[in-house]
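Residue numbers (the working numbering), protein chains in the order written: chain A, 822 to 921; chain B, 84 to 282.
Bear in mind the hints are in silico, worked out from the structure with no lab data behind them.
A couple of the hints might just be wrong.
As the list claims (entries may be wrong) - Heads up, simulated DSBU-like pairs for lysine-lysine below, C-alpha to C-alpha not over 35 Å straight-line:
1) A/Lys851 <-> B/Lys223
2) B/Lys223 <-> B/Lys140
3) B/Lys131 <-> B/Lys223
4) B/Lys131 <-> A/Lys847
5) B/Lys248 <-> B/Lys87
6) B/Lys248 <-> A/Lys908
7) B/Lys223 <-> A/Lys908
8) B/Lys248 <-> A/Lys912
9) A/Lys883 <-> B/Lys133
10) B/Lys223 <-> B/Lys133
11) B/Lys223 <-> A/Lys847
12) B/Lys133 <-> B/Lys87
13) B/Lys133 <-> A/Lys908
14) B/Lys131 <-> A/Lys912
15) B/Lys87 <-> B/Lys131
16) B/Lys133 <-> A/Lys912
17) B/Lys133 <-> B/Lys248
18) B/Lys137 <-> B/Lys223
19) B/Lys248 <-> B/Lys223
20) B/Lys87 <-> B/Lys223
Here's the letter readout for the chains.
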Amino acid sequence: MSSIFLYLLLLIVGGFLSYRGVVPRKLFDKLEHIQLICLFILLFAMGLRIGMDDRVINAFLKLGIHATLFALVSIFFSILTVWLFRKTLLKLLTKKEVQS
Amino acid sequence: MTLKIIGVVILGMILGLFIPETYYGMTDHMLNIGLCFLLFFVGVDIGKNKDIFKNIKRSGPLFILIPMGVAAGSILGSIILGFALGYPINESGAIGAGFAWYSLSSIIIAPYSSELSVLSFLTNLIREILAIMIIPFVAKHIGFAEAIAPGGATAMDTTLPIVSKNTNAETAILSFTTGLILSMLVPILVPFILNLGIL
Numbered sequence: 822m823s824s825i826f827l828y829l830l831l832l833i834v835g836g837f838l839s840y841r842g843v844v845p846r847k848l849f850d851k852l853e854h855i856q857l858i859c860l861f862i863l864l865f866a867m868g869l870r871i872g873m874d875d876r877v878i879n880a881f882l883k884l885g886i887h888a889t890l891f892a893l894v895s896i897f898f899s900i901l902t903v904w905l906f907r908k909t910l911l912k913l914l915t916k917k918e919v920q921s
Numbered sequence: 084m085t086l087k088i089i090g091v092v093i094l095g096m097i098l099g100l101f102i103p104e105t106y107y108g109m110t111d112h113m114l115n116i117g118l119c120f121l122l123f124f125v126g127v128d129i130g131k132n133k134d135i136f137k138n139i140k141r142s143g144p145l146f147i148l149i150p151m152g153v154a155a156g157s158i159l160g161s162i163i164l165g166f167a168l169g170y171p172i173n174e175s176g177a178i179g180a181g182f183a184w185y186s187l188s189s190i191i192i193a194p195y196s197s198e199l200s201v202l203s204f205l206t207n208l209i210r211e212i213l214a215i216m217i218i219p220f221v222a223k224h225i226g227f228a229e230a231i232a233p234g235g236a237t238a239m240d241t242t243l244p245i246v247s248k249n250t251n252a253e254t255a256i257l258s259f260t261t262g263l264i265l266s267m268l269v270p271i272l273v274p275f276i277l278n279l280g281i282l
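Just chain A, same shape as in the assembly (with noise of 0.2 Å):
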């Protein structure tokens, strides 16, 4: 659980930092590198401990099925929510501030 806290810390230490110009403009510019070459580097390791876990190799076309339908449906249920949202929500929070 404490790594949540410390994700969300880096986040908005981060984005802090960067709003107030603490962060140098240079960096700016090398920002979609250095966010690379961090991406890469998990995204490597990653592939090494799926390589190296032979459950994972042979369910592969299992995962893959599952995946497709995991897919068309989160994108099904997001719609319909937001859908629902927009038609009871919506109406009900703009009605109080016409209200108000």
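Got chain A sorted already, so can you dock chain B onto it with the hints?
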């Protein structure tokens, strides 16, 4: 870019086949340290956008309703499907909380389980590809706000041009703020939901 990402993962996988499992623990440290660096720089990237508060003000209540709807729908949908496929609630919920950010969500899940990490990577990668294909249809037949939903966290970058092209300027701003909020939620919600199973 997506091809490069897939390429790096495949390269790691192939090398991993020849590395003894005794080195598995080493990748834990590699993932944790790398993730801390990445998240700090993601924060810096978000903070450099000085118009962020202006954009939020222009968006009104939808600014919070759309990301809430996308987050709730993605997690709920994944839990329902996960239940049918026999996955524990915390695992399927964590997959849904990736919001199409396949690289980060799978990396966060990797120390927990390699199998789940692969599932998260593939699910969120497929979601991004499907989103690109579905957005024009949703914008035309369902609504502009709903067209932001399929892209999830990618609504601020990869799928933003597609949302912008098929909707209007207001929806494009909403798309950006939705992607921003969801991107900030991924590193919080994924480990939080995963940990619900441990508690």
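Going through the hints against the structure:
{"no.": "1", "hint": "A/Lys851 <-> B/Lys223", "verdict": "violated (39 Å)"}
{"no.": "2", "hint": "B/Lys223 <-> B/Lys140", "verdict": "holds (26 Å)"}
{"no.": "3", "hint": "B/Lys131 <-> B/Lys223", "verdict": "holds (34 Å)"}
{"no.": "4", "hint": "B/Lys131 <-> A/Lys847", "verdict": "holds (12 Å)"}
{"no.": "5", "hint": "B/Lys248 <-> B/Lys87", "verdict": "holds (26 Å)"}
{"no.": "6", "hint": "B/Lys248 <-> A/Lys908", "verdict": "holds (24 Å)"}
{"no.": "7", "hint": "B/Lys223 <-> A/Lys908", "verdict": "holds (17 Å)"}
{"no.": "8", "hint": "B/Lys248 <-> A/Lys912", "verdict": "holds (27 Å)"}
{"no.": "9", "hint": "A/Lys883 <-> B/Lys133", "verdict": "violated (45 Å)"}
{"no.": "10", "hint": "B/Lys223 <-> B/Lys133", "verdict": "holds (32 Å)"}
{"no.": "11", "hint": "B/Lys223 <-> A/Lys847", "verdict": "violated (42 Å)"}
{"no.": "12", "hint": "B/Lys133 <-> B/Lys87", "verdict": "holds (31 Å)"}
{"no.": "13", "hint": "B/Lys133 <-> A/Lys908", "verdict": "holds (32 Å)"}
{"no.": "14", "hint": "B/Lys131 <-> A/Lys912", "verdict": "holds (34 Å)"}
{"no.": "15", "hint": "B/Lys87 <-> B/Lys131", "verdict": "holds (26 Å)"}
{"no.": "16", "hint": "B/Lys133 <-> A/Lys912", "verdict": "holds (31 Å)"}
{"no.": "17", "hint": "B/Lys133 <-> B/Lys248", "verdict": "holds (24 Å)"}
{"no.": "18", "hint": "B/Lys137 <-> B/Lys223", "verdict": "holds (28 Å)"}
{"no.": "19", "hint": "B/Lys248 <-> B/Lys223", "verdict": "holds (11 Å)"}
{"no.": "20", "hint": "B/Lys87 <-> B/Lys223", "verdict": "holds (32 Å)"}
Violated hints for the displayed structure, listed by number in ascending order: 1, 9 and 11.
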